[in-house]
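S.K.: These protein sequence lines are chains F and A, in that order.
First residue of the first sequence? That's 100 in the numbering used here, and the numbers climb one at a time after it.
First residue of the second sequence? That's 100 in the numbering used here, and the numbers climb one at a time after it.
Since the hints were derived computationally from the structure, they do not count as laboratory data.
Among the hints, a few may not be true.
[Said to hold, decoys possible] Capping the alpha-carbon separation at 27 Å, the derived lysine-lysine pairs in BS3-like fashion look like this: (1) A:K293 <-> F:K316; (2) A:K329 <-> A:K316; (3) A:K137 <-> F:K178; (4) F:K219 <-> F:K207; (5) F:K170 <-> A:K137; (6) A:K329 <-> F:K262; (7) A:K178 <-> F:K201; (8) A:K137 <-> A:K178; (9) A:K329 <-> A:K245; (10) F:K311 <-> F:K219; (11) F:K311 <-> A:K137; (12) F:K311 <-> A:K311; (13) A:K293 <-> F:K270; (14) F:K170 <-> A:K270; (15) F:K219 <-> F:K170; (16) A:K316 <-> A:K262; (17) F:K262 <-> A:K137; (18) A:K329 <-> A:K270; (19) A:K270 <-> F:K262; (20) A:K245 <-> A:K207; (21) A:K170 <-> F:K270; (22) A:K293 <-> F:K311; (23) A:K262 <-> A:K219; (24) A:K255 <-> F:K262; (25) F:K270 <-> F:K236; (26) F:K311 <-> F:K170; (27) A:K270 <-> A:K207; (28) A:K311 <-> A:K293; (29) F:K137 <-> A:K137.
Number of protein chains: 2
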Amino acid sequence: MTDPIGRYEFEIDAYLTDFRGRATLPMIGGFMLQSATKHAEERGFGYSSMTSVQRVWVLSRMAIEIFEYPKNDTIMVIKTWVASVNRLFTERYFAFENADGKVIGYAKSLWASIDLSTRKPTNVLDLGGLSAYITEKENPIEGMSKIPALKDNFEKAADFVIKYSDVDINKHLNSMKYIEHFVDVFDIDMFREKEIRRIEINYVSEGHYGTKIDVLKREERDGVFVLEMKDGDTNVCATRITWE
Amino acid sequence: MTDPIGRYEFEIDAYLTDFRGRATLPMIGGFMLQSATKHAEERGFGYSSMTSVQRVWVLSRMAIEIFEYPKNDTIMVIKTWVASVNRLFTERYFAFENADGKVIGYAKSLWASIDLSTRKPTNVLDLGGLSAYITEKENPIEGMSKIPALKDNFEKAADFVIKYSDVDINKHLNSMKYIEHFVDVFDIDMFREKEIRRIEINYVSEGHYGTKIDVLKREERDGVFVLEMKDGDTNVCATRITWE
Chain F
100 MTDPIGRYEF EIDAYLTDFR GRATLPMIGG FMLQSATKHA EERGFGYSSM
150 TSVQRVWVLS RMAIEIFEYP KNDTIMVIKT WVASVNRLFT ERYFAFENAD
200 GKVIGYAKSL WASIDLSTRK PTNVLDLGGL SAYITEKENP IEGMSKIPAL
250 KDNFEKAADF VIKYSDVDIN KHLNSMKYIE HFVDVFDIDM FREKEIRRIE
300 INYVSEGHYG TKIDVLKREE RDGVFVLEMK DGDTNVCATR ITWE
Chain A
100 MTDPIGRYEF EIDAYLTDFR GRATLPMIGG FMLQSATKHA EERGFGYSSM
150 TSVQRVWVLS RMAIEIFEYP KNDTIMVIKT WVASVNRLFT ERYFAFENAD
200 GKVIGYAKSL WASIDLSTRK PTNVLDLGGL SAYITEKENP IEGMSKIPAL
250 KDNFEKAADF VIKYSDVDIN KHLNSMKYIE HFVDVFDIDM FREKEIRRIE
300 INYVSEGHYG TKIDVLKREE RDGVFVLEMK DGDTNVCATR ITWE
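Construct the entire structure; sequences and hints are all you get.
M.R.: Below is the structure:
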């Protein structure tokens with residue numbers, strides 16, 4: 100059996116970092132997706148195996164904590180493993196390390212398996228091979244909670260229309276593009292003084308090409324923001340971002 | 100001496116492709132930047148060597164032709180080399196191959212070396228090691244022409260404000276984000292029926308954080324578009340895109 104823990108290396112290319120020469124959260128999110136895809140593919144439950152049984156993985160929730168953002172021209176190591184499986188969901192966990200093996204962050208993610216045509220959830224336990232890979236490994240960050248809908252004291256922070264570069268192979272807003280649109284709500288000065296220590300995301304409904312999305316924002320408490328993407332009255336996605 | 104031609108492999112990850120399961124032009128552009136960065140770094144004229152002498156590479160022009168966009172879950176190979184060097188510029192060329200070694204495209208790029216504080220061009224010939232790497236290798240695509248400014252018969256196609264995720268380590272709009280904003284001007288239906296066969300870009304002035312950019316568009320002839328990014332009256336960037 101293939102090692103249940105996948106280990107992948109990513110180079111933090113200078114020309115792709117932010118203005119501080121640090122990896123960005125959308126970039127790290129992209130690396131996480133690549134690691135998840137490879138890990139699943141190598142173990143028989145990746146994109147091609149899934150589509151061969153008319154299914155596709157859909158990200159439902161995610162929490163990422165970064166203690167130290169990787170600098171340009173360094174290597175970031177991502178370890179990922181299957182943490183749990185039940186009928187509706189599987190949890191995939193991540194640990195981030197720098198080139199010296201120092202842990203610089205963790206993440207948790209929750210995935211559903213939907214039918215390609217009905218877009219309805221399918222039984223994750225059907226995927227025979229998956230449960231065999233469940234692994235216990237340290238991941239001390241808080242879990243992925245349900246972010247309550249914004250009711251009052253919010254402001255509209257931005258809006259955008261979902262374009263060609265935003266949509267993925269499922270024809271919906273790419274999971275990592277959500278992060279990009281969320282972090283872009285903050286002024287660049289915030290990134291000079293602070294870091295996003297934790298981001299938690301609830302993917303609620305699918306963002307379709309051409310849709311106009313409003314981004315609502317509320318500061319829950321000092322440095323902690325809840326943001327919501329709305330397509331009219333429909334909640335598409337919510338996030339809680341903690342600056343430190 | 101290190102091989103003058105660098106060869107780099109990139110995986111076309113399913114969850115990062117477009118709705119057709121194909122690599123996108125901004126993605127290929129990102130791979131080109133990564134290849135250029137690695138190639139230069141390995142040969143002593145990369146980001147860190149440049150900043151140690153108070154300089155930084157700035158992309159001035161680029162032309163990319165793709166005959167066949169790589170599909171998801173395949174490998175794309177990028178070969179890159181120094182094609183010429185003079186006082187003001189160096190040309191870097193690229194060849195793209197699929198996993199079977201079939202050529203699927205080419206690109207040409209033109210770089211200036213600017214002083215980190217004055218932002219003025221420096222003499223590229225000062226970079227002693229660079230000229231030793233000049234290589235002759237087939238690259239049959241048309242060169243990088245100057246795209247004339249739009250004077251009439253154009254329409255405003257879009258506008259956007261340069262945000263945190265758009266800016267690079269130089270604090271200016273990331274060279275590949277230009278491509279993303281340009282291709283997003285087209286309706287997704289164009290991508291169902293046609294492909295962008297060639298894109299040519301002139302980087303004219305630097306796009307700063309917070310600036311509102313207007314994107315102007317003119318169809319020169321059937322399937323050939325000239326687009327311009329303007330910051331007020333200032334031309335920031337122009338492109339010619341050929342659909343086939």
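S.K.: Now look at each hint and say whether the structure bears it out.
M.R.: Tested hints:
1. Distance check on the hinted pair: K293 of chain A and K316 of chain F sit about 39 Å apart at the alpha-carbon level, beyond 27 Å; violated.
2. This hinted pair checks out: K329 of chain A and K316 of chain A have alpha carbons roughly 11 Å apart, not beyond 27 Å.
3. With a CA separation close to 24 Å, the supplied pair K137 of chain A and K178 of chain F stays within the 27 Å bound.
4. This hinted pair checks out: K219 of chain F and K207 of chain F have alpha carbons roughly 23 Å apart, not beyond 27 Å.
5. The hinted pair formed by K170 of chain F and K137 of chain A meets the criterion: a straight-line CA distance of about 16 Å does not exceed 27 Å.
6. Among the hinted pairs, K329 of chain A with K262 of chain F is consistent with the structure: their alpha-carbon atoms are about 20 Å apart, no more than 27 Å.
7. About 34 Å separates the Cα atoms of K178 of chain A and K201 of chain F, which puts this hinted pair outside 27 Å; it is violated.
8. The suggested pairing of K137 of chain A with K178 of chain A holds, with an alpha-carbon distance near 11 Å, which does not exceed 27 Å.
9. Restraint check: the Cα-Cα separation between K329 of chain A and K245 of chain A comes to about 16 Å, which is no more than 27 Å; the hinted pair holds.
10. Between K311 of chain F and K219 of chain F the alpha-carbon distance is near 24 Å, which keeps this suggested pair within the 27 Å criterion.
11. With a C-alpha separation of about 39 Å, the suggested pairing of K311 of chain F with K137 of chain A is violated against the 27 Å cut-off.
12. Taken as a hint, the K311 of chain F and K311 of chain A pair is honoured in the structure, with Cα atoms around 19 Å apart against an allowance of 27 Å.
13. Between K293 of chain A and K270 of chain F the CA atoms are separated by roughly 17 Å; this keeps the pair inside 27 Å, and the hint holds.
14. Under the criterion of a C-alpha separation no larger than 27 Å, the hint pairing K170 of chain F with K270 of chain A is consistent with the structure, at around 16 Å.
15. With a CA separation close to 41 Å, the supplied pair K219 of chain F and K170 of chain F exceeds the 27 Å bound.
16. For a cut-off of 27 Å, the pair hint linking K316 of chain A to K262 of chain A stands: about 22 Å separates their Cα positions.
17. Simply put, K262 of chain F and K137 of chain A have alpha-carbon atoms about 31 Å apart, too far for the 27 Å limit, and the pair is violated.
18. Taken as a hint, the K329 of chain A and K270 of chain A pair is honoured in the structure, with Cα atoms around 18 Å apart against an allowance of 27 Å.
19. Distance hint between K270 of chain A and K262 of chain F is fulfilled; the C-alpha atoms sit about 25 Å from each other, no more than 27 Å.
20. Proposed proximity of K245 of chain A and K207 of chain A is supported: the alpha carbons are some 14 Å apart, at most 27 Å.
21. For the hint linking K170 of chain A to K270 of chain F, the alpha-carbon distance of about 16 Å falls within 27 Å, and the restraint holds.
22. A threshold of 27 Å between alpha carbons decides the hint, and for K293 of chain A with K311 of chain F the separation of about 25 Å falls inside it, so the pair holds.
23. For the hint linking K262 of chain A to K219 of chain A, the alpha-carbon distance of about 25 Å falls within 27 Å, and the restraint holds.
24. Between K255 of chain A and K262 of chain F, the direct Cα distance comes to roughly 17 Å. Compliance with the 27 Å bound is thereby established for this hinted pair.
25. Distance hint between K270 of chain F and K236 of chain F is unfulfilled; the C-alpha atoms sit about 34 Å from each other, more than 27 Å.
26. For a cut-off of 27 Å, the pair hint linking K311 of chain F to K170 of chain F is broken: about 35 Å separates their Cα positions.
27. For the suggested pair K270 of chain A and K207 of chain A, the alpha carbons sit about 24 Å apart, so the restraint of at most 27 Å is met.
28. With a C-alpha separation of about 30 Å, the suggested pair K311 of chain A and K293 of chain A falls outside the 27 Å cut-off, and the hint is violated.
29. Between the alpha carbons of K137 of chain F and K137 of chain A the distance comes to roughly 23 Å, so the proposed pair stays at or under 27 Å and holds.
Going through the hint list in order, the structure does not satisfy hints 1, 7, 11, 15, 17, 25, 26, 28.
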